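Residue numbers (my numbering), protein chains in the order written: chain A, 1 to 234; chain B, 1 to 231.
Source of the hints: derived by calculation from the structure; they are not laboratory data.
Small disclaimer: the values here were computed from a predicted structure and weren't measured.
One or more hints might be untrue.
Reference excerpt, derived from the structure (chain A facing chain B, CB under 10 Å, subset only) [to be verified]: (1) G15; (2) A19; (3) R47; (4) L52; (5) A55; (6) E66; (7) R186.
C-beta: ideal position from N, C-alpha, C; glycine also.
Here's the letter readout for the chains.
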Amino acid sequence: MSRPTELSHEELREGDLLAFLDGLAAPALASHIVGCPGCQHELVGLRQAEALLSAALVRAACPAPEQLLLLQAGLLAADAARLVAAHAVSCADCTAELALLADPPQPSLPGRLARAGVRLVRALLQPAAPRALALRGGEPSARRLVFAAEGYQILVAVAPLPPRSGRYQIEGQLLTPIGTQPGLVRLSGSAQEERAADLDELGFFAFDTVLPGAYALDIELADAQVLAELLEVP
Amino acid sequence: MALPTMRQLSVDEVAAGCRDEAQRPRRDEAGYCFELFRRALDDGSQLAWQALSTQYHVLILDWVHAARPSSSSDVDAAAREAIERFWRTLAGRGEPVAERFPHIGALLKYLQQCAVCTVLDRRRREQRLARLAGRLQSDATLALATPGPEELAVEADERAEQLRRAQGWVAAVSDPAEQRVIALSFTEGLSPAEIAARFPAEFADAQAVRQLKERVLRRARRALIDSGEVA
Chain A
1 MSRPTELSHE ELREGDLLAF LDGLAAPALA SHIVGCPGCQ HELVGLRQAE
51 ALLSAALVRA ACPAPEQLLL LQAGLLAADA ARLVAAHAVS CADCTAELAL
101 LADPPQPSLP GRLARAGVRL VRALLQPAAP RALALRGGEP SARRLVFAAE
151 GYQILVAVAP LPPRSGRYQI EGQLLTPIGT QPGLVRLSGS AQEERAADLD
201 ELGFFAFDTV LPGAYALDIE LADAQVLAEL LEVP
Chain B
1 MALPTMRQLS VDEVAAGCRD EAQRPRRDEA GYCFELFRRA LDDGSQLAWQ
51 ALSTQYHVLI LDWVHAARPS SSSDVDAAAR EAIERFWRTL AGRGEPVAER
101 FPHIGALLKY LQQCAVCTVL DRRRREQRLA RLAGRLQSDA TLALATPGPE
151 ELAVEADERA EQLRRAQGWV AAVSDPAEQR VIALSFTEGL SPAEIAARFP
201 AEFADAQAVR QLKERVLRRA RRALIDSGEV A
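Same shape as in the complex, but just chain A:
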């Protein structure tokens, strides 16, 4: 049906304002809308509603993150799991979220310690251990190392144990700027599972039957974490 060249407000039909917004209004319709305060007011309202619904429905077709979590953990009922999995296969956003749930990022050590109010001290391997340093039970054949930073020193002796067994003993002592402190020493590396030992009252610690490999010593004190990386055994 053709429309008159001049339109009154009452002659507007549902959908005309959206046609104008889409740039598809006939000249008479466009002319009316441009000059009509009522239409202009309505247009603002429609655009606001459009903006609101458009934002509210971002990823509305996607399952909620909790559905992805339950799918990942095998906690979703079979029917629901099929639906969620079928969607995820064709949705790059959900696939990425599932990957993040499957393999969550691990916290960085410096960030973790900073939030806990604990200082991280990275003790570096010193060029050569002073001969005067003696460790309890240190064997003559032991390899001696010193890691140091910010007034902290970790003295380490790595000794074969027993001969030709292929295993080693690590003995060490932590010296701190404020004397001995209670603490926990962790030895971690790719060759063996992480192990832990307490610092004794003089700051000594020991690990037996250590396999050859690269290790890190991580000493947890009340207000600091002293880290000695790249401890090579033997």
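Start from chain A and add chain B according to the hints.
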């Protein structure tokens, strides 16, 4: 692991054992932390639950940070939400915790996944807020005065609430044709002409789609905007 003996311990004793255990390598664990989870989930012990919340709060905060939330301002709330989600999704399943989670590592992995899930929820919310802000800013006639810094946080909360109400409003739309136009227009981003071309059996032409869409928008405006200004 001597569970019969463990079960005779008080929650405080188990919690103390868990604190000590958490400092040690996993192979040295005696099952205190697992027992705390078991009491919270299987026995419904509030004391065990409180002990768990305290014990793992800092760890959950670390996990939330590691998942890179878009805003660091509500990390504490996110951590609380994560442990609530853990509880809500596991408690009352009628399945002993040991059947699904054979060891403490499996339980902690799920708890970490709950923390990530909470961050994902927030990211999606941020995406919606950014879309709304972008649409409002791109149209000078819709943008109001630029808010000051202290008004921004309040504004974000108000907009988030408005978006939540909009989602509820859309969910309550019962007319199938309107539902279709809403989904195709706002979720898939199709124009009326594209909708009419793709679904000729449902919509005679683009004008028919515009008619429905405008009807929906007018109702949405009355329900969601006239009752309180956008932004």
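Honestly, which of those hints from before does the structure not fit? none
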